[in-house]
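Number of protein chains: 2
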Amino acid sequence: MKKGSPRTGVRGKVTRTNLPTEIRQDQILLAARKLFREKGYHGTSMQDIADAVGLQKGSLYLHITSKEDLLLDIVNRAHQDISEGLEAIYQLHLSPSEKLKQAIRHHTSFIARNREALWVLLEETRHLSPEKRKAVDTQLKRYTDIFASIIEEGMRIGEFRPLDYKIAAFSVLGMCNWLYRWYSKSGPLKPEEIADILSDIILVSLTARPDETPQPLDKRQ
Amino acid sequence: MKKGSPRTGVRGKVTRTNLPTEIRQDQILLAARKLFREKGYHGTSMQDIADAVGLQKGSLYLHITSKEDLLLDIVNRAHQDISEGLEAIYQLHLSPSEKLKQAIRHHTSFIARNREALWVLLEETRHLSPEKRKAVDTQLKRYTDIFASIIEEGMRIGEFRPLDYKIAAFSVLGMCNWLYRWYSKSGPLKPEEIADILSDIILVSLTARPDETPQPLDKRQ
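Keeping their order, the protein sequence lines are chains A and B.
Each residue of the first sequence is one higher than the last, beginning at 0 in numbering that gives the first Met the number 0.
Each residue of the second sequence is one higher than the last, beginning at 0 in numbering that gives the first Met the number 0.
I should point out that these hints are in silico values taken from the structure, not numbers from a laboratory.
On a predicted model such as this, the values are computed, not experimentally measured, just so you know.
One or more of the hints may lead you astray.
Claimed, not checked - Only pairs whose alpha carbons sit at most 25 Å apart, straight line, appear in this in silico PhoX-like list of lysine-lysine:
(1) K184/A to K133/B
(2) K38/B to K140/A
(3) K38/B to K38/A
(4) K38/A to K131/B
(5) K131/A to K131/B
(6) K131/B to K33/A
(7) K66/A to K184/B
(8) K184/A to K140/B
(9) K140/A to K189/B
(10) K133/A to K184/B
(11) K133/A to K38/B
(12) K66/B to K38/A
(13) K33/A to K189/B
(14) K131/A to K33/B
(15) K189/A to K33/B
(16) K140/A to K184/B
(17) K33/A to K133/B
(18) K189/B to K38/A
(19) K38/A to K184/B
(20) K66/B to K131/B
Stated by the list, open to error - Computed spacing ranges between beta-carbons, pair by pair:
(21) D136/B to N113/A: 32 to 40 Å
(22) P129/B to D136/A: 26 to 34 Å
(23) S183/B to G42/A: 27 to 35 Å
Glycine included, each C-beta is placed from N, C-alpha and C at the ideal position.
Produce the complete structure using the sequences and hints provided.
Given below as structure tokens:
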């Protein structure tokens, strides 16, 4: 979420002249995100969040509306940040192979650099009320659909071999998403090096080979 | 966890003549698992669990020791169930390709059929106390290590192309694990059909091609 844009979980108007409030709101969001990651949404109390930013619990409510709206803000911000990059790549005039490579690189690097945000997005979203969760689920589906669409196009023009493109998209995302569980900053590889390996694993598998007889696409495709 | 074996979270001795108690304990475990999946560990109260099995909260403590030990039981049982199959495959006298294929099939099918158990294992384990979590993390590491070891052997004997085998193992597991998030029983594909597609994606990528010049393994391998 861009600075200055309205936030569901945040009270009051954020203006340029109101910088300390904005900084305070960011501080609260970051503290809540860290706590949700460590203790889970339900395991985190408003008192925990107030303590983390050095406020009285009562004063916390001057800055935010509710714990649930805080979670929604965190989730929306994470989703917006990761989606912007993918949407931009999707619009580029590139071959499906090149687009998929860039999408994997973007996705992997983002996750490695924003593990906490991704963790909360992926694991705590289910604690939102059904209505709020629905909007997030729609956004997540759009993200998956972009990957599926790139792969499907690659198959259609013969760059990729015929496969169930939806399962292929889930596979690519699962492979990359899993980084939020195992990646460590202190490990031997940089995010971009890992992205190159994952991209290689997927592209070598999907790429159609000239010496192979093309097979008809599965009916469901 | 096998029936009749001691359970950390369960009070009293479980014997063959004590069947109703055992059934009650299983019932409590299943109810707690469902609640942990839906509401999270911290979002589930002992009262919720008592209500789900039609007991008074006080009576619940006749059957279990604590909510945390219930979580540990659920996690241990899920891990034991999925590990037994993998350990058996790992001991088979098969080529690494065939072993990997079977391991992927086992892993994928298990997840598709035990989503709830896997969900709690993967997302709620972090709410165990550090000491209890450590034992679970060690078990999970062993599981990953088996996949890494099969892939590493395949590379060593030239069946698989040279790659970072640890990243390859995380990729395979991430790809398969992600099923606990997207798989639906009402979808068009059976677990074994999905397993075949995932196995195909991985094996086509990893398999060394005779027309390719072998490259030296990365130093870190």
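Checked hints:
Taking the CA atoms of K184/A and K133/B, the gap is about 20 Å. The hint holds against a cut of 25 Å. For the suggested pair K38/B and K140/A, the alpha carbons sit about 22 Å apart, so the restraint of at most 25 Å is met. About 14 Å separates the Cα atoms of K38/B and K38/A, which keeps this hinted pair within 25 Å; it holds. The hinted pair formed by K38/A and K131/B meets the criterion: a straight-line CA distance of about 16 Å does not exceed 25 Å.
In summary, the hint linking K131/A to K131/B is not supported, as the alpha carbons are separated by about 34 Å, beyond the 25 Å threshold. Straight-line distance between C-alpha atoms of K131/B and K33/A comes to about 22 Å, which keeps the hinted pair within the 25 Å bound. With a C-alpha separation of about 33 Å, the suggested pairing of K66/A with K184/B is violated against the 25 Å cut-off. For the suggested pair K184/A and K140/B, the alpha carbons sit about 18 Å apart, so the restraint of at most 25 Å is met.
Among the hinted pairs, K140/A with K189/B is consistent with the structure: their alpha-carbon atoms are about 22 Å apart, no more than 25 Å. Between K133/A and K184/B the alpha-carbon distance is near 20 Å, which keeps this suggested pair within the 25 Å criterion. Using a Cα cut-off of 25 Å, the hinted pair K133/A and K38/B holds, with the two alpha carbons roughly 16 Å apart. Under the criterion of a C-alpha separation no larger than 25 Å, the hint pairing K66/B with K38/A is consistent with the structure, at around 16 Å.
Our distance criterion of 25 Å between C-alpha atoms is broken by K33/A and K189/B, whose separation comes to about 38 Å. Distance check on the hinted pair: K131/A and K33/B sit about 22 Å apart at the alpha-carbon level, within 25 Å; holds. A threshold of 25 Å between alpha carbons decides the hint, and for K189/A with K33/B the separation of about 38 Å lies outside it, so the pair is violated. Proposed proximity of K140/A and K184/B is supported: the alpha carbons are some 18 Å apart, at most 25 Å.
A hinted pair counts as satisfied when its Cα atoms are at most 25 Å apart, and K33/A with K133/B qualifies at roughly 21 Å. Proposed proximity of K189/B and K38/A is contradicted: the alpha carbons are some 36 Å apart, above 25 Å. A hinted pair counts as satisfied when its Cα atoms are at most 25 Å apart, and K38/A with K184/B does not qualify at roughly 31 Å. With a C-alpha separation of about 13 Å, the suggested pair K66/B and K131/B falls inside the 25 Å cut-off, and the hint holds.
Distance hint check for D136/B and N113/A: the Cβ-Cβ separation is about 23 Å, which falls outside the suggested range of 32 to 40 Å. A hinted range of 26 to 34 Å holds for the C-beta pair P129/B and D136/A, which are about 33 Å apart. In this structure, S183/B and G42/A meet the distance hint of 27 to 35 Å, their C-beta atoms being roughly 29 Å apart.
This entry does not satisfy hints 5, 7, 13, 15, 18, 19, 21, going by the numbered hints stated previously.
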